[in-house]
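Peer 1: With the sequences and hints as input, model every part of the structure.
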Amino acid sequence: MKPFEYARPTSTAAALDEAAHRPNSKFLGGGTNLVDLMRENIEQPDALIDITRLPFSEIREREDGGLSLGAGARNTAVASHPLVRARYPLLSEAILCGASGQIRNMATVGGNMMQRTRCFYFYDETASCNKRQPGAGCDAIGGVNRIHAILGASDACIATHPSDMCVALAALDATVHVCGPQGERTMPFVEFHRLPGDTPHIETDLKSGELITSVELAPPDAASGSHYRKVRDRSSYAFALVSVAAAVSIRDGNVADVRLALGGVAHKPWRAFEAERLLRHAPATLERVRFAVDAELAAARSFAHNHFKIELARRTIVSVLGGLMALERAR
Amino acid sequence: MNPTVPDAAEPDGTATAQSKAHESLALPLSFRVNGTPMELWLDPRTSLLDALRDHLQLSGTKKGCDQGACGACTVLVNGERVLSCLSLALQHEGHEITTIEGLVNDEAGHMLQAAFIEADGFQCGYCTPGQICSAVGMLHEFRQGVPSAVTPLASMSVTNLNDEELKERMSGNLCRCGAYVGICEAIRTALERLERQER
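One line per chain: the protein sequences are A and B, in this order. Read in our numbering, the first sequence has 319 at position 319, and its numbers run on one by one without any break. Read in our numbering, the second sequence has 63 at position 63, and its numbers run on one by one without any break.
Keep in mind that a hint or two might mislead.
Claimed, not checked - Here's a subset of chain B near chain A, in silico, CB distances under 7 angstroms, partners left out:
| hint | residue |
| --- | --- |
| 1 | N78 |
| 2 | R81 |
| 3 | S87 |
| 4 | I117 |
| 5 | V146 |
| 6 | G178 |
As the list claims (entries may be wrong) - Covered by chain B, according to a simulated footprint, are these stretches of chain A (three or more residues, beta-carbon under 8 angstroms):
| hint | region |
| --- | --- |
| 7 | 45-53 |
| 8 | 96-102 |
| 9 | 208-219 |
Hints were generated in silico from the structure; no laboratory data involved. Ideal Cβ positions, reconstructed from N, Cα and C, are used throughout, including at glycine.
Peer 2: In structure tokens:
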């Protein structure tokens, strides 16, 4: 591991000041991804700014009935919180599907959002990777790409985003709050992560020196049922091949509202806007779900080893949405 | 054990010219380990795992994969189980660390150790300190009502640590000898004894 300086500020202003004066620095939360990447020499910051002492770990109800998740709140705290469990069960389910008990006790909301891909070639210093070295090429495209993207990939990068939590947050229409040298700003969660395009090394909309402070959830839709399903190579403690976060409400046999997001298939949590558009106000039937899913996946493109993911995504979405519709009709 | 003075050991156990040149980056750390206050001067690269093993000579905590995949390095920080390999030691200023050595005086730890021996919850034993620390933290989580991926959403509290719950909650600890049947039996036995004792 390359030597680095370490700072432990106790105020937001001090943390931003540290970042402004140390150009090649990184904020450190739980460390579960960053420490590992530094040990592999993939990340080589000159300084780490430990932000675990900042007052950002609170989970509190908003005046509008929504919920504010502090960026420093640990995954276990979010998944176990009574208000998350009762009003945003999708988020609790998704977080609990990720990593292990030990890692969820360490990992934070902000760190989960900033975690980097688990692409083998990104982790392998001897391989070509446009993320690590822009312009170097992508060894995953012609390599072993079973875990790679089927949606939104580019000729420069076919990596996937590994998070479960972020898939639920994409489906829940969350808002990201950040602060930085230019002050505070917000952005929709679905715009926080980027598709690779020609610049796969730029993974989020976060600017240099900016810090995530919280993720805000709008008041829940009490009429909707939701579910997170993760398909993986073993039943626990593995990254998703495909995951589905879905919420549906039904009125008079038609879809009143639907949210659908996919994990393990793209460079970012993939909000299935096209499928949602085709389902909203349409009959809540399996036939309609299949039609909408086929439209969403029409743009899917596979590589030598991940063709199975397209059919796996199709079947998992149909199963989850079909199951939710059956439950909602019975309510 | 005495509080330790500035320490020249390298973070990864190997002395290199590069790390010698950066000794000036060393920073002080003050924390409690198994109830004893400790003071160290550490290169910021030092993981909590290496601080425990190489600087405090607490070799009960094991280094398996050193990348967060196996759980052998599990310790308790302020009573919560974490992976000491993915944690930088300097992050633990002011924290209370409990390792397998410190569980000698812990009720759950003691019962788990006895139950692991009775149920043959190991073969080579390398994963065992991590398994036991993880089980202590897991039982605490379970009794605090922390849900798992297999806990039904409708039930706001978990009351039954059935096989499915136990396996899911312990999935972060691998045993390459495959002693899982004994490990599960040991944890169930220890929990039963703890609950019986409290009645």
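Peer 1: Determine for every hint whether it applies to the structure shown.
Peer 2: Going through the hints against the structure:
no. : hint    : in the structure
1   : N78     : violated (10 angstroms)
2   : R81     : holds (5 angstroms)
3   : S87     : holds (6 angstroms)
4   : I117    : violated (24 angstroms)
5   : V146    : holds (5 angstroms)
6   : G178    : violated (14 angstroms)
7   : 45-53   : holds (count 3)
8   : 96-102  : holds (count 6)
9   : 208-219 : violated (count 0)
Hint compliance for this structure: hints 1, 4, 6 and 9 are broken, all remaining hints hold.
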